[in-house]
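If you want the building blocks of each chain, they are given just below.
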Amino acid sequence: MKRSVRIRMSIGMTAACSIFTLITMLAGFAQAEFPERPVTIVVGFDPGAASDITARTLAAGAERQLGKSFVIENKGGGAGTVAAALVANAKPDGYTLVAIPNVAIVDTPLMQKVTFKPLKSFTPIIAHSAAEHTALIVKVDAPWKTFKEFIEYAKKNPGKVKYSTSGVGTGMHVAMEVIAKKEGIKWVHVPYKGAAPATTALLGGHVDACSAGIGYQPQVKAGTVRMLADHGRKRQPAFPDVPTLMELGYDFYNDTVHAILGPAGLPPDVLKRLEAALTKGVETPEFRSAQEKLFLDPVSMGSKEYERHLKEKWTRTEKEFKELGIIKEAATQPE
Amino acid sequence: METLQSLWYGFSIALQPENLFFCFVGSVLGTLVGVLPGIGPVGAIAILLPITFKLSTTGAIIMLAGLYYGAMYGGSTTSILVNIPGEAAAVVTCMDGYQMALKGRAGPALGMAAFGSFIAGTLGIVGLMLFARPLSQFALKFGPHEYFSLIILGLTFVTYLSHGSMVKAVMMCFFGLMLSNVGLDPITSSPRITFGILELFDGIGIAPVAMGLFGVGEVLVNLEKTISTQIVKTKIRNLFPSKLDWFQSRWALVRGTLIGFFLGILPGGGPVLASFLSYGVEKRFSKEPEKFGTGAIEGVAAPESANNAAASSSFIPLLTLGIPPNVSLSILFGAFLIHGITPGPFLLKDHPDVFWGVLSSMYVGNVMLLVLNLPLIPMWVQVLKVPDRFLYPLILLFCLIGAYSMNNSVFDVYIMIIFGIIGYLFRKFQYEGAPLVLAFVLGPLLDLNLRQALLVSEGSFLDFFTRPISAVTLGLALLLLLTSVFPFVMKRVQKYREATEDEQV
Chain C
1 MKRSVRIRMS IGMTAACSIF TLITMLAGFA QAEFPERPVT IVVGFDPGAA
51 SDITARTLAA GAERQLGKSF VIENKGGGAG TVAAALVANA KPDGYTLVAI
101 PNVAIVDTPL MQKVTFKPLK SFTPIIAHSA AEHTALIVKV DAPWKTFKEF
151 IEYAKKNPGK VKYSTSGVGT GMHVAMEVIA KKEGIKWVHV PYKGAAPATT
201 ALLGGHVDAC SAGIGYQPQV KAGTVRMLAD HGRKRQPAFP DVPTLMELGY
251 DFYNDTVHAI LGPAGLPPDV LKRLEAALTK GVETPEFRSA QEKLFLDPVS
301 MGSKEYERHL KEKWTRTEKE FKELGIIKEA ATQPE
Chain L
1 METLQSLWYG FSIALQPENL FFCFVGSVLG TLVGVLPGIG PVGAIAILLP
51 ITFKLSTTGA IIMLAGLYYG AMYGGSTTSI LVNIPGEAAA VVTCMDGYQM
101 ALKGRAGPAL GMAAFGSFIA GTLGIVGLML FARPLSQFAL KFGPHEYFSL
151 IILGLTFVTY LSHGSMVKAV MMCFFGLMLS NVGLDPITSS PRITFGILEL
201 FDGIGIAPVA MGLFGVGEVL VNLEKTISTQ IVKTKIRNLF PSKLDWFQSR
251 WALVRGTLIG FFLGILPGGG PVLASFLSYG VEKRFSKEPE KFGTGAIEGV
301 AAPESANNAA ASSSFIPLLT LGIPPNVSLS ILFGAFLIHG ITPGPFLLKD
351 HPDVFWGVLS SMYVGNVMLL VLNLPLIPMW VQVLKVPDRF LYPLILLFCL
401 IGAYSMNNSV FDVYIMIIFG IIGYLFRKFQ YEGAPLVLAF VLGPLLDLNL
451 RQALLVSEGS FLDFFTRPIS AVTLGLALLL LLTSVFPFVM KRVQKYREAT
501 EDEQV
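As given, the protein sequences belong to chains C and L, one line each in that order.
Mind the numbering: the first sequence is residues 1 to 335 in the working numbering, read in order.
Mind the numbering: the second sequence is residues 1 to 505 in the working numbering, read in order.
Honestly, the hints are just simulated from the structure, not real lab data.
It is possible that part of the hints are untrue.
Below 27 angstroms or equal to it, Euclidean Cα-Cα: the simulated BS3-like pairs (lysine-lysine) are [what the hints assert, rightly or not]:
#	chain 1	residue 1	chain 2	residue 2
1	C	K139	L	K141
2	C	K221	L	K349
3	C	K193	L	K141
Next comes chain L alone, as it looks inside the complex (with noise of 0.2 angstroms):
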């Protein structure tokens, strides 16, 4: 009863026009910045930061925030018409989005994303409304050996995210590991792997590399194919997801976003790790696993869902305990502080106007988002009638000027064109890029946690298994890991007995 009439004093705040106007521009802003392939809520939220100085203090953060999970609706479009993921989490989005786009299903797949988008967005905030004290606490719960165990639990996703070969599968995942140890080394500060090359020696960005992969290995690999089987040819039918598609989704809505929820809150786990997680478990519950990766509804929904999901959650430590779970949210943090108002246990007591107001507002923002991403779907549908030869030409422009503007840097340009060979190499020989992409963004968290782990316990593994959490999750990890490889080995198996069978015949 509390929280309503709380909740009810925060619109009351979030409905002044000026707010509502913050929270337009922040969305608006979002969409675009989450479409625009490079340039992520990071950059564009911090080159906001200064303009902000001048507006109230909610009205400020209300923007800022609506950047921030606005860039979650907009990650996905790039990645369901084009191959290219505008964002990190939106990484995952591309493996059925484009697929389904591919058959002509490009509407359903972006209404898909928009309506999961609101739907996660939204509980998400209830369930930051309602649970966000307790679930702090357990946030804290997670060090470093909480935090190895549940990245190898996510890499035995690993599996899942392959549509083909096993083997190439996990061949992926080792080679994303090794790329991402390029760099200096967490603990000791000691250059890995860079050749004496200073731009390395921060390591090989996301972004690159998902562009080059996906959306220059695309490009790539389509202009071998002659003009008579293109897109332009299949007909685009229904702009908005069937009652079919909703019946087909509805449990990947569900579980991405409690995926989502959880993954958001604990810091450094975020919105990517939720994506590709919640993609993984529908393919393991999906009774029809082989239809992922070829155009399947679920595969759009469920990690569109999780990612909003864990942007909604992501404010659950920043609120209550003061401290930013990722880097959006760390800029978020110093606009508090810029506002004279420390985020942490006493915001809700010290300055419930803007506590109530800045959550009223993502209510708000995310009925925005979606209201003003509907009636973009027509339009960005009609993107694929833009003839290849245009097309192309535009997706290897906006790919090499989103790698630019990332750090102002060409090298990041030379690191996309290098991994847009390999990405065509990649479907050549008919290798995938999830998996490479998964192991990529966890494999520094698992380098340091690893390794923190280790210096805390004082070089004992056995604290892995004696801690609760850290146990069950990688008993969880192993279950997985058994019941994935067991069928692959048993039909192996049978492979071996029927020939062998037929020598003896």
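Extracted from the complex, chain C is given alone in its bound form (with noise of 0.2 angstroms):
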């Protein structure tokens, strides 16, 4: 009697630990869904840039929602395309992404040739920044009060007005070429390496305007510069009485967009996970803190949206390439 019962509580037992240890993998099979391990994000510049900084704490807030961990690479070069190729040719299982801003998957492919294909190899997943106010700006004690002064004065000395920007064509570039275009300007581009050393350009005197990029505001506010023309769609809330280049009758602001993207072909199931963390990365307190004092207005973009906004500007800056003279034809096939 005592033995059966104690063959039976060891069946019992045996059978409990069996069906324990099988529901407990069947519930480890159906956790073995996307993440099991954290994700890496490529960032397509050095530490410290717009995209950096935005990724970084991007992360810390999508952490929370997607369970995993988020690991932050940089992978600085080619203004972005090396870390867009890189990630273009990783394996679309989700744990492979990278943070860069539209430009480097529309302009620079336009003007150089790249190893992917910018409309088909990327599943774009978050867009969450602009950084269009890009602004022109001359020296405080420049002769020029207003825009039109200054358009005045150029059209009237051909070639003798100097701006600096950040770069051959980045935004700031071409809105300079825009201008020009329109109202047949001749004047003289000096690009220098990034937006502080353009800006530092016309403090120092060495050339009458700079179109410069985000992070001469604090210049502004200093009373060392003076703001003609803002690039953003709309107007500045920091300034509100410059006007934008479209209220000025120019076609043209400034359409960069920081953004997350995987790999081409990434299941909808990851997809989806992926799109929620990060959108509830965007949604902090402390992303939106960071990216107010960068100078980043907020943009919501999903999957879709992005995509399509990725289409539209690849068309519209191809044309606008041709037309300014920029490039001939675009470098890189989009698709």
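Since each chain sits alone in its own frame, please combine them into the complex, following the hints.
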């Protein structure tokens, strides 16, 4: 009797254990869906760039939602195209993503041949910030008080006005060429490496104007430079008196949008989880504050919307570049 | 008087336990980052940046600034011990520092590097405190023309960076300039010498080149030697600089500090150029220039004081104009912005606590770094006692990891290996790496500024000679070139005369 009880008990225990094991195994299988391990975000610029700071802050908030951590890797170079090429060739399992602005997928590939197909190699996931409020600035002691005065001077003195930008083919360069084209102005472009040296050149009086990248705002507030025109779609809340190029009658706004993408062919459920997690990351106060401090505007585009945006931007930019003579043919085929 | 009061106020902030802690963490991490080849202050500051979001503004900036100048201390360690520059500003320190180590004088070299760094760093802060405003205006006067002339002056120093043949040094210089042209053209953005390789579009990185030429090259050359002639056998003498060392280095320290301080203010110039130029100047002024490259202590004191003074003074444009002069400080600029403070003309007025707190913390940080680094010297010297069969594979391993970790790029590792082989061949045929590295660093600046200058002056070269700063700099370059070429030519002429006289006889 005693013995049979014991046997029965052990059988029962074994059965219970096996069932428990089975359940945990099944549960294990059920949990084997994405993500099993940390997700890597390759940032297309060196540490400290807007892409980098936004990606790091965004990841910190998205981790809570995703349940796994994000690893940030910096792979600067080729204005973001090196990282883009790397991720374009990565396995589309959702564990390798890239953080770059749309410029790395559209503008740069239009000018230089890249190894990926800009509109085919990626699964757009989320676009979170726009860096559109670049601007035309002059020194505060310059004779031109308004955009109009500046343009009139430039028209009367062909080849005299020199302007600095952070590089060829940047939105800031295109903006100046769009103006020149419409007004028939001849002015001299002096490209610098980055927005800071371009602004410095203006402060030192080595150029007459600067088509400045994000980061000039403190100088305006400090009263060392004057803003003549804003490149954004709308006026900047901090500088409500400065007109946009659109208002001034030019068909141009700076369309630089920071985004996160994966390789083409991400499974729909993986894409959904990533999109949800990253959207949560955008909504944190930390991210909003970083955005504000970097003078970025919040943008909220999901996967489908951003895909459409990229297609539109490609067509528009290709046309713009050809008209302005920056390129003759697109250097890369989009698909 | 007012300055003293402000400084007192600054110390009251910097010495708060919390800020003291951040200063310590920053300095320690900076030293570490400097010692490890590959990862430099730029990467480290960026990685730490998100962590500082939660800290107080002053605390955050104190820590990140500590990391930046701390890296200048650490950079010399591997240069001296194993001939691998820990970061670009420490390339010159290899030349005499490593030779000193080979002679068993690693201790004094490390000690002089630490003291030199401390003295120059501290004097740099004094300068920053007293002359920040007028000097920042001076820095703005430097446009493309002035930079171009300054770089030309820098390149004439190439002849001083070489121990042997001047012709070979000039060859190396041009090779360096060629290499620096790989990548996208800075004006038109069209690719040059890239062979369609995507990784080359951004050019070749300085770190893999320097680690390859110096570190890997050194290891390969040593593989040829038999075990018996190793450093192990050299008795490691005193651990700290002697009275004689101090006496010999006194002017090198002063001149290095001055050169570093002025070049540090200029956007784009920075610690690297300062370290090279100060070395050249020392050799020029030295009564025994032939001593350089064989383990002269001045050759360590000058560049090490220069790069630290430059690190201090590079804060001037950032704090007074709101212009970051180099990449590390760009990230620091970002850190300021994220904390809601805009560095620039109004910083001192609107946030005196941050301004003076950070400034005072730099004094504290430099003392900490000295206290931290001196006891480490006996430990570092022990590294040289590691038998070569363990040390060399370890050096190779660290170089490989360092090259990879910069950009997580295998391509950089290949670059380093290729330059390791080139470095080996250089040594076999007695070419020197330093002129190449100097030209390589200055090449992109030369290219960009020359073409910007020509755009600004509408194609006229005349402006180089009519702008005062540019003209004086070019004149100085010409003078230097003549005085260094003259003896060389005279020697040849002498030889030729003797030869013809012999024939006549």
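Broken hints, by number: Nothing - there is no hint that the structure violates, so all of them hold.
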